[in-house]
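Same order as they appear, the protein sequences are chains A and B.
By UniProt numbering, the letter at position 102 of the first sequence is numbered 102, and the numbering carries on one by one without gaps.
By UniProt numbering, the letter at position 134 of the second sequence is numbered 134, and the numbering carries on one by one without gaps.
If chains are identical, the list can't say which one is meant, so a pair holds when it fits in one copy or spans any two.
Lysine to aspartate or glutamate pairs mimicking DMTMM-like chemistry, simulated, CA-CA at most 20 Å apart:
hint, residue 1, residue 2
1, Lys148, Glu319
2, Lys148, Asp311
3, Lys109, Glu131
4, Lys148, Asp320
By construction, these hints were calculated from the structure, which means they are not laboratory data.
2 protein chains.
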Amino acid sequence: MLQSPPAEPGMREDEVDTPALILDLDAFEHNLDTMAGFLAGTNVKLRAHAKTHKSPVIARLQMDRGAIGQCVQKVGEAEILAWGGVPDVMVTNQVVGARKLARLAALAKISRVSICVDDPAQVAAIEQAAEAAGVRIPVLVEIDVGGKRCGVQAGPPAVALAEVIAASKHLRFYGIQAYHGSAQHIRDPQVRATAIASAVEASRRTVEQLRQRGLECPVVGGAGSGSFQHELASGVYTELQAGSYAFMDADYARNTEAPPFQHALFVLATVMSASSPQVAVVDAGHKAMPTDSGFPVVSGRPGVSYVSASDEHGKLTVEDPALRPRLGEKLRLIPGHCDPTVDRYDWYVGVRKGRVESLWPVAARGAMA
Amino acid sequence: MLQSPPAEPGMREDEVDTPALILDLDAFEHNLDTMAGFLAGTNVKLRAHAKTHKSPVIARLQMDRGAIGQCVQKVGEAEILAWGGVPDVMVTNQVVGARKLARLAALAKISRVSICVDDPAQVAAIEQAAEAAGVRIPVLVEIDVGGKRCGVQAGPPAVALAEVIAASKHLRFYGIQAYHGSAQHIRDPQVRATAIASAVEASRRTVEQLRQRGLECPVVGGAGSGSFQHELASGVYTELQAGSYAFMDADYARNTEAPPFQHALFVLATVMSASSPQVAVVDAGHKAMPTDSGFPVVSGRPGVSYVSASDEHGKLTVEDPALRPRLGEKLRLIPGHCDPTVDRYDWYVGVRKGRVESLWPVAARGAMA
Chain A
1 MLQSPPAEPG MREDEVDTPA LILDLDAFEH NLDTMAGFLA GTNVKLRAHA
51 KTHKSPVIAR LQMDRGAIGQ CVQKVGEAEI LAWGGVPDVM VTNQVVGARK
101 LARLAALAKI SRVSICVDDP AQVAAIEQAA EAAGVRIPVL VEIDVGGKRC
151 GVQAGPPAVA LAEVIAASKH LRFYGIQAYH GSAQHIRDPQ VRATAIASAV
201 EASRRTVEQL RQRGLECPVV GGAGSGSFQH ELASGVYTEL QAGSYAFMDA
251 DYARNTEAPP FQHALFVLAT VMSASSPQVA VVDAGHKAMP TDSGFPVVSG
301 RPGVSYVSAS DEHGKLTVED PALRPRLGEK LRLIPGHCDP TVDRYDWYVG
351 VRKGRVESLW PVAARGAMA
Chain B
1 MLQSPPAEPG MREDEVDTPA LILDLDAFEH NLDTMAGFLA GTNVKLRAHA
51 KTHKSPVIAR LQMDRGAIGQ CVQKVGEAEI LAWGGVPDVM VTNQVVGARK
101 LARLAALAKI SRVSICVDDP AQVAAIEQAA EAAGVRIPVL VEIDVGGKRC
151 GVQAGPPAVA LAEVIAASKH LRFYGIQAYH GSAQHIRDPQ VRATAIASAV
201 EASRRTVEQL RQRGLECPVV GGAGSGSFQH ELASGVYTEL QAGSYAFMDA
251 DYARNTEAPP FQHALFVLAT VMSASSPQVA VVDAGHKAMP TDSGFPVVSG
301 RPGVSYVSAS DEHGKLTVED PALRPRLGEK LRLIPGHCDP TVDRYDWYVG
351 VRKGRVESLW PVAARGAMA
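Next up, chain A with everything else stripped away, as it sits in the complex (with noise of 0.2 Å):
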């Protein structure tokens, strides 16, 4: 069953239904005008990743400020945004199974639909979903620019599977995707700029040597909330993928020069026990908010700490017992980790000024397949 809305448009924030999850819509739209700020007067275009916020209704306001499309990691995501009228989705990520990629390739009837591969396995099976759905589907070779997960090493092999796309009948090489995820969260900015250094300068290589070959790169997809400024100053990316500066979680907060945005989206939390002067219990633990990268922030509450979760607590501790929260009071809390946190919610609460405003259903919940 999905779960019921928590709220109704009109409510003020301190009645929604906890847990909930609520996005601060002044905050949000900042974010959204700050990244289309940033592009302004470029070349490079943002393809927002909706991994983060699984939602047609919050990928149409990024392209209504300039985003060419979005970005997915699964099959089921891109259903949920092609079904929801997004015309142009890339699956940044490998699809393995016939089951799949048959589901893709009918996708590609509605909406422009682009995939990776590092493998030329993949490929043939990329070419035989496309024939039998009788569409041509744009496909982009992964290089491994230091992630060391997926993707074929820059240069002669990213070559060669180039070469194998752009021989494939249903097929059409469409560019490099070159996505450094684990820069993302190194906290010293030097370090992480390093680090991009050697992803743009893998990228830049794999692009002279493609065209060495007569393969043009009509797109170089990478970049996240991290570290976008060097992508986009590169001259080489054309394409951004940032998804999480639309809501910007703790662990971004967490970098040393932060990105530039807000904290838009939190976890709206009710205190159900206070039976000792310096612990107060929340109703919202693992099951609420994943802890893979830390706990949550109490928003606007200094000297209030969430220190533990369980499945369905989350433990606060005050030093000072009168900043102890109340029994029944509601509290903001800033998730470590934006993106499966949205992933646990069937409903996002748009709050402005302390009022409910909208609800928006998180579409795309689950659709890990």
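Given the structure of chain A, go ahead and fit chain B onto it with the hints provided.
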């Protein structure tokens, strides 16, 4: 939107789309039977915890083997069980907020619903909700038996709160909730036994003091899958609240003298990239399987380790390249922590001897409020 089922009955397991939540039915039934065997011939009852499974189907299978009802942590879970035919549901948790209490009181018309408190203000709020709904609600006092989270202190503070309940016209004092959550994962069996002995002693003392004040204590509830044999033998506890025993996760298996259950729950994942000789990447990361209790274990594949997770990727490494899983291969992962893993999925895929036998909805998926 709900996600489509990733399988159909009759399919081979390796045809199931991934990531998928696999329930190995032979192992699962073995676990249910094993727990029933522990309680057979005793006066102690199982009230299995549905925070783990979130399914009225699994609740029924537990009750078919003697469980007297179910525990839940959230009103939303209580609703799904009561609507799904479970006649006796205990909320082993505090519930704060008039809207939630009104929902709970409404459920009391169709199922027996009990609830815990650790604050007199909550007794008053439940009394008001019960009166408004025209029902009488059984209420337990939660005592802190070592978790230092929710609960009043054992002894006189618990007795004082019980007297407030007993004096409330629409409530009934129903007993004490004495669950030692943090003891479940203490690795050393002696240290774990000592922690539970202390919980037993606090409960025994509280029950005696309640009797001295003329308050009978029909229920002493607690115990989890890591400790239940101690509470069972205590002579004090009347109801055991184990949940994970049905599935048995990787973290419980790390206890010295692990609980006597088999791994029955798996995340089925596909190798989506294998572009270097000692690395394979699967399509199941943080979003598929929270990592708060460690990374998953790759089932049946010695020499293959799940070493890091990002949102949509899991990185496996092998020391011997000959052991590397191949591109497209499907692997069973044993989740670190079964409860929040189940809560990521819309469907259980029940498998027996390699074939899909049943699809059951995770009906209370996301029921956090």
